[in-house]
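Chemist: Protein sequence lines correspond, in order, to chains A and B. Heads up: the first sequence at position 59 corresponds to 59 in the working numbering, and the numbers run straight through without jumps. Heads up: the second sequence at position 6 corresponds to 6 in the working numbering, and the numbers run straight through without jumps.
Do not take every clue at face value.
Part of the chain B face toward chain A, derived, beta carbon under 10 Å [stated by the list, open to error]:
hint, residue
1, G3
2, G28
3, H29
4, T31
5, Y35
6, Q41
7, Q44
8, F45
9, G58
10, F64
11, L67
12, F69
13, D85
14, A87
15, G107
16, R109
Capping the alpha-carbon separation at 30 Å, the derived lysine-lysine pairs in BS3-like fashion look like this [what the hints assert, rightly or not]:
hint, chain 1, residue 1, chain 2, residue 2
17, A, K73, A, K9
18, A, K15, A, K108
19, A, K9, A, K22
20, A, K57, A, K22
21, A, K65, B, K13
22, A, K57, B, K96
Hint data in this document are derived by calculation from the structure and do not stem from the laboratory. In this text, a Cβ means the ideal position worked out from N, Cα and C, and glycines have one as well.
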Amino acid sequence: AQRVTQPEKLLSVFKGAPVELKCNYSYSGSPELFWYVQYSRQRLQLLLRHISRESIKGFTADLNKGETSFHLKKPFAQEEDSAMYYCASYEAAGNKLTFGGGTRVLVKP
Amino acid sequence: ETGVTQSPTHLIKTRGQQVTLRCSSQSGHNTVSWYQQALGQGPQFIFQYYREEENGRGNFPPRFSGLQFPNYSSELNVNALELDDSALYLCASSLKTGSTEAFFGQGTRLTVV
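Only chain A is shown next, with the shape it has when bound in the complex:
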């Protein structure tokens, strides 16, 4: 079974500082990976997916198959980035998304 690990439960950074959220996955095939975000009092929503290779709200994530990682990065954090972030891996056999435990990001002014 796939497993997605987010080792940090909480990341606290100052506005303008870089932020990196770690995500490691266990999957022997070609993974499809996502970052979902949940802002306060809002529903869970897609932030970005690795196949699109795009930057969303200044965030980027690079798939590193050697390290089985998909870390999320932003060079200059903003207060509006404060939210809960979930890394997820899609498994075609079973049509399931496997989520990590989530990382809460708090950006202080």
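Put chain B on the given structure of chain A with help from the hints.
Modeler: Chain B alone, transformed into the frame defined by chain A:
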């Protein structure tokens, strides 16, 4: 375009009872997935329905069952409720099965006492 809606928003049930949670998918979406999110954890996949058929299942016992209707709305049924079933239940719809973007509802908070 309407988003994913779930009902009810909160529910309290007694151990051993049965519960039905409902989800209306986003307009045009034919695939619905259900997730259980315990406090402080990420969502866990329960199952997916595509064109009214179960199309994938996570590690949940048979007392978790579902339905999808011709209009693609869906129900999650849980029989013989246990205290550990207390969680936020999330429904997500997508345009088609496969690794397409999932659009989530606000969830139903179930408390089993």
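Chemist: Which hint numbers does the structure go against, in order from smallest to largest?
Modeler: 2, 3, 10, 11, 12, 13, 14, 16 and 21
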